[in-house]
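S.K.: Quick note: my numbering has the sequence shown finishing at residue 573, numbered continuously throughout.
Simulated from the structure, these hints should not be mistaken for lab results.
Please note that a few of the clues may not be correct.
[Said to hold, decoys possible] Ranges between beta-carbon positions, derived for each pair:
no., residue 1, residue 2, range
1, ASP119, ALA53, 39 to 47 Å
2, ILE493, ALA329, 34 to 42 Å
3, THR86, ASN57, 37 to 45 Å
4, SER225, LEU511, 39 to 47 Å
5, TRP352, ARG65, 41 to 49 Å
6, THR335, LYS549, 40 to 48 Å
7, PRO219, ASP389, 28 to 36 Å
8, ILE493, SER56, 18 to 26 Å
9, ALA507, LEU60, 57 to 65 Å
10, SER195, PHE333, 22 to 30 Å
11, ASN512, VAL491, 43 to 51 Å
[Said to hold, decoys possible] Quick list of in silico lysine to aspartate or glutamate cross-link-like pairs, DMTMM-like style, CA-CA up to 25 Å:
no., residue 1, residue 2
12, LYS165, ASP119
13, LYS76, ASP89
14, LYS165, ASP44
15, LYS165, ASP205
16, LYS549, ASP515
17, LYS76, GLU52
18, LYS165, GLU111
19, LYS506, GLU548
20, LYS76, ASP119
21, LYS549, ASP480
22, LYS165, GLU186
23, LYS506, ASP448
24, LYS506, GLU353
25, LYS76, GLU111
26, LYS280, ASP349
27, LYS506, GLU395
28, LYS506, ASP419
29, LYS165, GLU217
30, LYS165, ASP234
31, LYS280, GLU328
32, LYS549, ASP457
33, LYS506, ASP457
34, LYS280, ASP347
35, LYS165, GLU113
36, LYS76, ASP44
37, LYS280, GLU217
38, LYS365, ASP289
39, LYS280, GLU353
40, LYS76, GLU346
Since the model is a prediction, treat every value here as computed from it, not as a measurement.
For glycine and all other residues, C-beta sits at the position ideal for the given N, C-alpha and C.
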Amino acid sequence: MSRMFHLIALFAALLACAGSLRAVEEQSADSTFVIGGILTQVGDVIPPWSEEAHDSNRILQFGYRLTNALHIATRKHVVERELLFTVGDTLDTLSLQETARNLRAYPFINEAEVTPYTDESGATIVHVRTSDNFSIAPGIIFEGGGGGTTYGAILTETNLFGLGKRVAGQYIRETGTVNTTTWAFEYKDHRVFGSRWFFHLYAEDLATGSQIATVMEYPFYRLSSQNASGWSLDFNDSYRRMYGTTSSRAGDIVAEIPRRYIGGNAWYSYRWGDHYHRTKLTSAIAWYDYSYSGLPRTIVDTHYTITQADTTRTPRRGYQLTASIGREAFTGFLTSRFLDDFLVVEDVDTGWEFGATGGVGIPEKPTHELYGITGVYGSYANVFGASGDHIVAAEATGVVHLADDHGLGRRTWSNLVTDAWVHWYWQGLPIQTIATSLNWYAGWRMYDPFQITLGGDTGLRGYATNQFAGNRRLLLNVEDRIFPGWRIFTVAIGLVGFADAGYVWKADERLNPADLHANVGFGLRVGNTRASTSRISRLDFAFALRGEKRIMLAFGSEQVFDLFNIRPTPTRD
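Could you put together the complete structure from these sequences and hints?
M.R.: Encoded structure:
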């Protein structure tokens, strides 16, 4: 244990060293004008300056007025507390742009414009104008494809009392190989007691177990921020589902592996340099406790065994101390439309980041032998082309535990996970966007049963839900998203043509291009331009090009993938 205390002391010294670094601040002021006043204007869902407010149709005008009357208006101070400037500051275009971006990041805000002008006296005034989304969202969850269906109800309020707090509750029923029921509750507070601290609480109870997770975080809330920190706690008592990999059991849940996990982590990050090129140092300490009880629960009449190479039944407890150092660059802000949503302004931050992580694990169980941790990460986003109609975003990560596989008396590396994706969007054609996604995901010698599935709503829309299972995945999605301008009230209607290709395979297999499965199809997209959640609804018809020839139906909320690979769910912004 003395070795552990020495390492924790080393970790504390590393934090102190990071905190003593001094940033090289660079003013991005582009003029000598001084802000003489700030005018804040908070608008309704349909503000008087919007295109809809000037519609001559009386029925639509009645609907717009009713929408404004029913929605919870954002309080003025909620907008004003996000301003990254104040009266007396030198006018800085970058701070104005970043303020607008931060405001639009809130789901209850639809429009955010921050523009300077000169009044009659010659003073420089900054005009901050926002409009709201309809923040309360009672809804029906209906999603499926390939023989599986998920349905339920959800009630979300993203702007509780006009203060920007989020509360959500949902009930979900899943049918297919087995029937399951899920209850979930979520609370988010982006500004705890008006501070910069973010708090998130999530709890769920479902057929395979229960989970409670909480996060407290102080983020890098602006480009010039130097410090960020946070902690999280997680309790999970559940069964991990395993799906059949043989043709006779494809898509079936063949077993459920019990697992109980309690853990948490705390981290601190410091960065120095100017707005555009910086170095970032992050230190973290994590605590984990895995336990396993009982035998795998068999779902269907088949045999599931844990092989000698499987260490998932080994209880584990210990600590991990890690440090990451990276280099990041910011190149600019971009606002666009018709990427993943319809008329909604979508923000794209361009730049890159790369770095490496190293650390040590201090196990208490099953052994006391230290092990190493190492990894790399990188991300990239850019806009290019003569008219700026090409957008590329990419990310790659890899992490491995060194000499940490004591489950069966072995001493070798484990928990190697690699994940990489690249997205390319092109808006060079009229009223449409070409969107592509290429994704790789794989794991080797994992603690837990590790399995990836494809089919239905998970990437291959022309095949049955979870039809393919393994621990390596390669997936390509291409969509032509067509936005013809059809609108009814605040609802926009679009079309899509798509093609999917991919496969998953096991560790003892090699990918053969002839094994790839593919489908083509078309679909309908319905977008609510004033909704704070689930802005896109989709209905897809897909035809499999290999295997059994049939037409499959897939439907749900949000796009199958988005530019930054963060597909929203009903309870996540």
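S.K.: Work down the list of hints and note, for each, if the structure agrees.
M.R.: Status of each hint after checking the structure:
1. Taking the beta carbon of each, ASP119 and ALA53 are about 25 Å apart, not inside 39 to 47 Å as hinted.
2. One distance hint, 34 to 42 Å for the beta-carbon pair ILE493 and ALA329, holds here, with the actual separation near 39 Å.
3. At about 43 Å, the beta-carbon gap between THR86 and ASN57 stays in the expected band of 37 to 45 Å.
4. At roughly 43 Å, the beta carbons of SER225 and LEU511 sit within the given window of 39 to 47 Å.
5. In this structure the hint that TRP352 and ARG65 lie 41 to 49 Å apart at CB holds, the actual value being about 47 Å.
6. Checked against the given bound of 40 to 48 Å, the beta carbons of THR335 and LYS549, roughly 44 Å apart, stay inside it.
7. The given range of 28 to 36 Å is respected by PRO219 and ASP389, whose C-beta atoms sit roughly 31 Å from each other.
8. For ILE493 paired with SER56, a C-beta distance near 22 Å keeps the hint of 18 to 26 Å intact.
9. For the pair ALA507 and LEU60, the supplied restraint of 57 to 65 Å holds, since their beta-carbon distance comes to about 58 Å.
10. SER195 and PHE333 have their C-beta atoms about 25 Å apart, which keeps the hinted 22 to 30 Å range intact.
11. At about 45 Å, the beta-carbon gap between ASN512 and VAL491 stays in the expected band of 43 to 51 Å.
12. Between LYS165 and ASP119, the direct Cα distance comes to roughly 35 Å. Violation of the 25 Å bound is thereby established for this hinted pair.
13. At most 25 Å may separate the alpha-carbon atoms for a hinted pair to count; LYS76 and ASP89 meet this at roughly 21 Å.
14. A hinted pair counts as satisfied when its Cα atoms are at most 25 Å apart, and LYS165 with ASP44 qualifies at roughly 18 Å.
15. Straight-line distance between C-alpha atoms of LYS165 and ASP205 comes to about 23 Å, which keeps the hinted pair within the 25 Å bound.
16. For the proposed pair LYS549 and ASP515, the alpha carbon gap of about 16 Å is at most 25 Å, so the pair holds.
17. Among the hinted pairs, LYS76 with GLU52 is consistent with the structure: their alpha-carbon atoms are about 23 Å apart, no more than 25 Å.
18. For the suggested pair LYS165 and GLU111, the alpha carbons sit about 18 Å apart, so the restraint of at most 25 Å is met.
19. Annotation: proposed proximity of LYS506 to GLU548 holds, straight-line Cα distance about 22 Å (limit 25 Å).
20. With a C-alpha separation of about 22 Å, the suggested pair LYS76 and ASP119 falls inside the 25 Å cut-off, and the hint holds.
21. For the hint linking LYS549 to ASP480, the alpha-carbon distance of about 23 Å falls within 25 Å, and the restraint holds.
22. Restraint check for LYS165 and GLU186: satisfied, since their Cα atoms lie roughly 11 Å apart, inside the 25 Å limit.
23. With a C-alpha separation of about 15 Å, the suggested pairing of LYS506 with ASP448 holds against the 25 Å cut-off.
24. Restraint check for LYS506 and GLU353: not satisfied, since their Cα atoms lie roughly 32 Å apart, outside the 25 Å limit.
25. Straight-line distance between C-alpha atoms of LYS76 and GLU111 comes to about 14 Å, which keeps the hinted pair within the 25 Å bound.
26. For the hint pairing LYS280 with ASP349, the CA-to-CA distance comes to about 18 Å; that is within 25 Å, so the pair holds.
27. The straight-line distance between the Cα atoms of LYS506 and GLU395 is roughly 24 Å, inside the 25 Å bound, and the hint therefore holds.
28. Between the alpha carbons of LYS506 and ASP419 the distance comes to roughly 16 Å, so the proposed pair stays at or under 25 Å and holds.
29. About 15 Å separates the Cα atoms of LYS165 and GLU217, which keeps this hinted pair within 25 Å; it holds.
30. At roughly 22 Å between alpha-carbon atoms, LYS165 and ASP234 fall within 25 Å of each other, so this suggested pair holds.
31. A distance of roughly 7 Å separates the Cα atoms of LYS280 and GLU328; the hinted pair therefore holds under the 25 Å criterion.
32. This hinted pair checks out: LYS549 and ASP457 have alpha carbons roughly 18 Å apart, not beyond 25 Å.
33. Between LYS506 and ASP457, the direct Cα distance comes to roughly 21 Å. Compliance with the 25 Å bound is thereby established for this hinted pair.
34. A distance of roughly 23 Å separates the Cα atoms of LYS280 and ASP347; the hinted pair therefore holds under the 25 Å criterion.
35. Taking the CA atoms of LYS165 and GLU113, the gap is near 22 Å; set against the 25 Å cutoff, the hint holds.
36. In summary, the hint linking LYS76 to ASP44 is supported, as the alpha carbons are separated by about 12 Å, within the 25 Å threshold.
37. Among the hinted pairs, LYS280 with GLU217 is consistent with the structure: their alpha-carbon atoms are about 17 Å apart, no more than 25 Å.
38. A C-alpha spacing of about 9 Å is found between LYS365 and ASP289, which places the hinted pair at or below 25 Å, so the restraint holds.
39. About 10 Å separates the Cα atoms of LYS280 and GLU353, which keeps this hinted pair within 25 Å; it holds.
40. For the hint linking LYS76 to GLU346, the alpha-carbon distance of about 23 Å falls within 25 Å, and the restraint holds.
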